[in-house]
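Novice: Our numbering puts the first residue of the sequence shown at 542, with every later residue one more than the last.
Don't read these hints as lab results, they were simulated from the structure.
Watch out, some of these pointers could steer you wrong.
To be verified - Straight line, CA to CA, 25 Å or less: simulated PhoX-like cross-link-like pairs of lysine-lysine: (1) K794 to K670; (2) K670 to K622; (3) K794 to K877; (4) K877 to K670.
What the hints assert, rightly or not - FRET-style restraints, in silico, Cβ to Cβ: (5) N854 to D641: 31 to 39 Å; (6) V887 to A646: 38 to 46 Å; (7) N655 to P804: 16 to 24 Å.
C-beta: ideal position from N, C-alpha, C; glycine also.
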Amino acid sequence: MRNITRLTCWLCFVLLGAFSPAGVAPAPTLKIIGGKNAKAGAWPWMTALVFRGSDAFLGQFCGGTLVAPDWVLTAAHCVHKLTPAQLDALVGRTDLDATDGERIAVIEIVIHPNFNPGPLYDNDIALLKLQHPAAVAPVQTLDHFSVQDDPGETAIVLGWGALSGASPPFFPTILQQVPIPIAAPEQCGFDIIDTMLCAGYKGSDRDTCAGDSGGPLLVFDTESGIWRQAGITSFGFGPCGTVGIYTRLEQFKTFISDTLCRPEEKPQTPELSLSVADGIATATWTQAPNDEGYRLNYAPYPELNPIYSLDMNQAREISVALQPGDAFFVAISAYKDNCRSQFSTVEHFTVP
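Go ahead and model the full structure; you've got the sequences and the hints to work with.
Specialist: As structure tokens, then:
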């Protein structure tokens, strides 16, 4: 037995699920099984949420990620009943029984204003302000309109949660990681909404489990060549080893940026200009002070669906050869770390 509070919570959710009325979605369980030990230092921004005054191993109850030097991202359901005085964030420690990393007090909890703790964890996202900045570099989250979290993409999930759905559960001291596929909405077991994604598959030996809540679901961003956080472990139905539900972070970029970043830290909104000549469409935009890069966002005109996004890095111009009649909406935005500008004015063009 690792922690009586965690075990009691897990058993309560299992029992609630077992006795759900027919036709009603079962109660969500706090939901790495089938994984392997993570290498020390492989995920330096990985964070354990620990009850203040407790041993790191016994007091760890949820995961999180450092998304700014002094902010940790986690699931709202992990912390919505707690106060900052109860929490520490343990950043950069792979083995909870080791002594490395930084244990930093939490001084503020920001819950998404539309978080709904039941019956499903809608808008299951929270940010924790730390007493002082951590020394490691933060993880970058997935951008608006990315296709890197589409069904079929392979993700990695991390956590110190139970290694199986057995009772009593066994918890590791070393951070676990496991690859799982992002699943199509029809595989989720119920109708998910745009702020959720599901990953894993039924009857598998790979999944998140009790104690992994708040930790990251990561995808490899082929545009930038880095791992980005696409989701937060939120909940699952039934035993571990089934499809899990995750908070879809690309839907919360504005909330994250507005919480983390003071106005002077955000890049200014670039100004966009479009031109078309001889079948070549060209987009240019102004340089945004305090920028790190730009994202080009575009969609078919006039449908405005689907919307695509392309990382332009430091480029401020793009030209594309198109066919007569092709028409698109275009907008540009600037970014620096997890801080985002507003979108530029949305422009559109049609190729003669």
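Novice: A separate judgement is required for each hint: does it hold in the structure or not?
Specialist: Okay, the hints, checked on the actual structure:
no., hint, result
1, K794 to K670, "holds (17 Å)"
2, K670 to K622, "holds (16 Å)"
3, K794 to K877, "holds (12 Å)"
4, K877 to K670, "holds (19 Å)"
5, N854 to D641: 31 to 39 Å, "holds (33 Å)"
6, V887 to A646: 38 to 46 Å, "holds (43 Å)"
7, N655 to P804: 16 to 24 Å, "holds (23 Å)"
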